[in-house]
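Enquirer: Line by line, the protein sequences are chains A and B.
Quick note on numbering: the first sequence equals residues -5 to 139 in our numbering.
Quick note on numbering: the second sequence equals residues 3 to 382 in our numbering.
Just so you know, these hints were derived from the structure itself, not from any lab.
Treat the hints with care, as some may be off.
[To be verified] Partial list, derived from the structure: chain A residues whose beta carbon lies under 8 Å from chain B: (1) L67; (2) A69; (3) R77; (4) D78; (5) Q86; (6) K93; (7) L99; (8) R100; (9) H106; (10) L110; (11) R116; (12) T120; (13) K131; (14) A133; (15) I134.
Backbone N, C-alpha and C define an ideal beta-carbon position, used for all residues, glycine too.
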Amino acid sequence: MTKRKGSWRGAVVALALGTALTGRAFAGEEDDLQRQIDTQKSSVVDLERLDELKAVGDEIALLRSWLDEAWNLRAKHEYDQVRDVLDRALKQEDLIRAKIIVSKLRAQEQRHEAALKDLNNRIARTRKALQDTVDKKKAIERTNS
Amino acid sequence: MLAVGAACATPPKPRELEVYDVLRQNNQARLPDISKRSPDLVAEAERRSGAAHDEWQSNDLDECRANALLAQIKLKTAIALYDQDQLKAQIQSLSSQESHAQEELAGLSKDLASEQEKLALLQKYVDARKTAEADKAQAMTEQQKAQAEQEKLSQQLAAEQKIATAQLAMRTADTVEAAQYAKADYTAATDLLAKAQSALKASDFTSAQAAADAAKRSADLAAAAAKPQYEQAEESSQNKARNEALARDAPTIPGVKVRIDPRGDLQRLVIVVPELFTKREPNIAAGHDMVLDGIAGLLKKYPNYPVQVIGYTDNRGRSTELIALSAARAQAVYSALAERGVDTKRLMVSGLGGEEPFTDNRSSAGRAKNNRVEIVFLYH
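With these hints in hand, go ahead and build the complete structure from the sequences.
Expert: Have a look at this one:
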């Protein structure tokens, strides 16, 4: 009886220990996911600052909604889903960065195009002025020859 | 059966998958290039979309949405990276074009500046030439104006000179009293000279010259016409004055007596020189140089008069001897005068002996006075 009683006690202790260890593991994962969510949220702020041309507002809004979803899932202890959402959010961040670069490059391209257009206009004007000057010079030479 | 059928039917395509399909369709043409740029991303997107389609068909919609979203993200990222490359290339191309355009613009600007400078120089040259031509024209105009002024001045001077010449001719005519002796010509000359002066004042130099010329001619004519009469009158007047002067000068000779002794039209100024000779001597006694010098001086002062040197004696003796003696004595005086430089051509020597006694021969004093030589100036 004592042996059986001691065996039960051991089982209870083991269960309690297991429960305690499992709870500590859950708590650690939850904190880790929270840190990841917080990190990504701060990244969103950085991305918004980088998006000077406001070219990726929709994508950032989508990212924010996913981070909120991850936060809610974390609260429901749906950690696998949280990790999926966070993984997707990381890839969305990469996409947003790529798109911000594209928007900046496009703006740069437009500036170059405008500059080139301006140069071409100036070339056309200068060429016309040159032709006018040559014509005027020839006319004066003809008149005074 | 219906419930089973309903459960087995394909649900509507989730929006995430629909969006992916549209995205892929819209980039279908450049998908090979995008795939070439990011093969891993495109392959992952394709894999995820394939899974999503399978999950949609098997009605596993949550997984379908998750894979469709990931497929979207991968494909969008691949597209963005491809766009980056394209834009970079485009920017590089644009930069290159800009550089070329800037070079071209710089070249054109340089050419334009050069041509404008040439044009400015040409314009400057043309302006300078126009200015020079204008200056030349102005100079010519001024030169012509100056020539006209000079011509006018020359005409004026010529007119003034001709008027002066005419005035001189008038003064010349005045010297022969043409106003008196050639009245018509002189009056015409006066009128013409006045006309010339009026024309000169009116700057009508041609008329002034013509009138002055005519005035000179008339004045010359008047002078020429008046001259003989004037000279005649003047000579008469001068002779009279000279005769009077002679009459004044003759008595100043010491030791002589002077008298005027007219005979007919002829006037005679007689200078009686007594006591030059002693007794019957034909030669001049010594000590009479003073009187002979005086007579010689008078003859030289009045060189145009014909002069007689006449010897006289008293009445004692034979007439022929007395005449010879008187002639010898006159000759002696003639010689003495010739020695003193008197032009002898005008002297006429004669001896009249005892004729025409100066005083009574009864006394010795009277006879001494009659032994004389007379210097006679003849004139009208």
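Enquirer: Can we keep the A/R77 interface hint, with Cβ of chain B closer than 8 Å?
Expert: violated, 12 Å
Enquirer: Regarding the hint that A/L99 lies at the interface with chain B, is the smallest CB-CB distance below 8 Å?
Expert: holds, 4 Å
Enquirer: Hint A/K131 vs chain B: min CB-CB distance below 8 Å?
Expert: holds, 5 Å
Enquirer: Could you check if A/A69 really has its C-beta closer than 8 Å to a C-beta on chain B?
Expert: violated, 19 Å
Enquirer: Hint A/Q86 vs chain B: min CB-CB distance below 8 Å?
Expert: This hint holds: A/Q86 lies near chain B, its Cβ roughly 6 Å from the closest one there, short of 8 Å.
Enquirer: Please verify that hint: A/R100, Cβ, nearest Cβ of chain B, below 8 Å or not.
Expert: holds, 6 Å
Enquirer: Quick check on A/D78 please, does its C-beta sit within 8 Å of some C-beta on chain B?
Expert: holds, 6 Å
Enquirer: Double-check A/L67 for me: the hint is only fine if its C-beta lies closer than 8 Å to a C-beta in chain B.
Expert: With a minimum Cβ separation of about 12 Å from chain B (threshold 8 Å), the hint on A/L67 is violated.
Enquirer: Could you check if A/L110 really has its C-beta closer than 8 Å to a C-beta on chain B?
Expert: holds, 5 Å
Enquirer: Can the hint on A/H106 be confirmed by a CB-to-CB distance to chain B that is less than 8 Å?
Expert: Interface hint status for A/H106: holds (4 Å vs cutoff 8 Å).
Enquirer: Does A/T120 pass the interface check with chain B, least Cβ-Cβ distance below 8 Å?
Expert: holds, 4 Å
Enquirer: Does the closest beta carbon of chain B sit nearer than 8 Å to the beta carbon of A/R116?
Expert: With a closest approach of 6 Å, the A/R116 hint holds.
The earlier numbered hints that this structure contradicts are 1, 2, 3, 14.
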